[in-house]
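Engineer: Could you put together the complete structure from these sequences and hints?
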Amino acid sequence: MARLTDENVTLAKEIIDRYPRAKSALIPLLHIAQEQDGWVTDEAMRHIAELIGVTPAEVLGTGTFYEMFKFEPVGKYLINVCGTMSCALLGADDLMHAAEEELGIHEGGTTDDGLFTLHRAECQAACTEAPCLQVNYRYRFRTTPVEVRQLISDLRSGRLDDEIPPHGTLARVRQHIPADKGVGAVDPSQVTSPPEWITASAEGGAS
Amino acid sequence: MTSFPWAPGFIDGDRPKIVTSRFRYEDSHTLERYLATGGYEGLRSALARSPHDMHEEVRSSTLLGRGGAGFPAGVKWGLTPDGVFPRYLVVNGDESEPGTYKDRLLMERDPHQLIEGCLIACYAAGLSRCFLYIRGEMALAQERVAQALNDAYEAGFIGKNILGSSFSIDIVLHWGAGAYVVGEETALIESLEGNRGMPRLKPPYFPAAIGLYGQPTIVNNVETLSNLPFIATNGAAEYTAIGTESSPGTRMVAVSGHVRRPGVYEIINGTTTFRDLLYGEEFCQGIRDDNDLKAFVPGGGSAPWFLPDQLDLPFEGRLVGAAGSMLGSGAIMVMDSTTDIPAAALTLTKFYAHESCGKCVPCREGGTWLMRILERVVEGIGTTDDLDLLLEVGGSICPGDMPHAASADLQLEATPFPYKMTTICFVGPSAYVPVHSALTLFRSEFEARVAPSRTRSRIPVTAVGAGS
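First to last, the protein sequences are chains A and B.
Note that this note's numbering gives residue 44 to position 44 of the first sequence, counting from 1, and the numbers run on in steps of one.
Note that this note's numbering gives residue 73 to position 73 of the second sequence, counting from 1, and the numbers run on in steps of one.
Bear in mind the hints are in silico, worked out from the structure with no lab data behind them.
Treat the numbers as computed from the prediction; the structure is a model and nothing was measured.
Some clues are possibly wrong.
What the hints assert, rightly or not - From chain A, some residues computed to sit far from chain B (all C-beta separations above 12 Å):
#1 Thr41
#2 Thr144
#3 Leu155
As the list claims (entries may be wrong) - List of simulated lysine-lysine pairs, DSS-like, C-alpha gap at most 27 Å:
#4 B:Lys359 - A:Lys70
#5 B:Lys202 - A:Lys23
#6 B:Lys160 - A:Lys23
#7 B:Lys202 - A:Lys13
#8 A:Lys70 - A:Lys181
#9 A:Lys23 - A:Lys70
#10 B:Lys420 - A:Lys23
#11 B:Lys202 - A:Lys181
#12 A:Lys23 - A:Lys13
#13 A:Lys70 - A:Lys13
Note that CB positions come from ideal geometry on N, CA and C, so glycine has one too.
Structural biologist: Following this line, the structure appears as structure tokens:
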């Protein structure tokens, strides 16, 4: 598995430049690695460590704290069935059973064809739309066991490819700060005075 | 009383609106719609004043933080130490409290309103860089905010010399990666620095003193900031005209669980009662299937539970605190008469046990103990001893009196919020809260589940060498 591609290195550098300290880019860069390979490989972590000037162990240390990063291959579609309070009150278990039956795997497992991984997830911030689930972090609200089976069949057939990108792809719109418009990040040790508009205002108005 | 297919969960109403006024438009997330509906007027109005005046305006609005603690935003901004620069704004968009969602809707449906709020806060408090931390699992919110930021940069609302003024700021979109505890503000800062999201030891109690990169940092919630364009445009007086003196303005509240019409509502702060919300025609329209209400969680999964006895309390922090709970993040979860109370408590305890970052022993060990003991009670293999053990383990996380609601049936007086805690943050206590509430208010349901304890032969413990 791979280090970051040239294209992703360019993107990584753009992201690193937004932070006063490079290590802040660690989590965004892990997302890029996961988008590239579908999971976070050792090689990618070594590469990230080089890019932000920390040890590979620090990248792993931070990365493993966070639920979304997977350090072994997962299915193309990660199905997270919410199991917290409101969803539990309104039938989350039924959704999980339907998904388990349809996929022939247990919670936590991956199908042999590498297409699906099934997890029970914690609260997904859609509690009034319970029970809910996410496929690669795209929601399905107020869903039923029948709809879960249909969803799996639609994913299998590729009918939802436009809506749901493969696991690892998070936001398909990225922030881009134009070079001529951005203020730029400065190391905090280089700044000691108030920002310009505060000084200007003390001398009589910002505009 | 309308809902919009493009804003699933949100239910509109004929009430004053501050943060959801654009939700009726399908394209509310676009810059075009934002500008056509008074967008960025608050920023212009702020720039026409001195930062100090703008800060005072927010201070006099008594805008309370919407993340859970309810601390006044204007006061928080003033806690930065004099003469220490640079100062940062970190936006807490890591919404993960069970039952809660409103920040996600605000980011998906009106990202420019949030951006404008960030700009006003940075201008007023002299914060020179803004980091907008969005929960990782919210892919759509990240896309919408990214697009809005790109458009706002292009249009000159963010960046160098905004609208021709000396005000220059970058707003950096940051992706989270799934960790509930990161919603705690010092954990959020740790995460933003590229570390494991573990809360920092206090004091300092506020990152306003020492925060991101050791610099003064203001951490504000998405909903809090989304109120600022209204305050800057219309003034604090118009804001405080809505709601009550101690809780002005509106609040977004998500009501979920066993109600007829679960939804996210923007309600008038301080006066709307829980009965209005759960039974009102314009809100949830009663309990599903005409069942009786058994209990409800009034302020997110971390909040002690309420009974029907508390229905007439208004949505006001101090009153709810005196009654033994908290408003927290504006999330009500409703349980009807069919609810298996020990099982419901278990889902919440499981959540907090799972989300423990592991830094504080009482939370790391205690949360898991609570979960495992409760699991065997729910599965019917527990004993009466287990119920006492739950309280004992909980007592090591929250020593002393625990807040709980009053109950006429049980002839129980309320114990007011808050609790004492042996942990740095609220995750540990939150694992115990549902256990304590459920056991205090519904003990008979637990007792019906457990077998009498067997008398065990105890192995006497004697000191080595004693008695020889």
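Engineer: When the structure is checked against the list of hints, which entries are broken? Sort them ascending.
Structural biologist: Per hint list: 7, 8, 10 and 11 violated.
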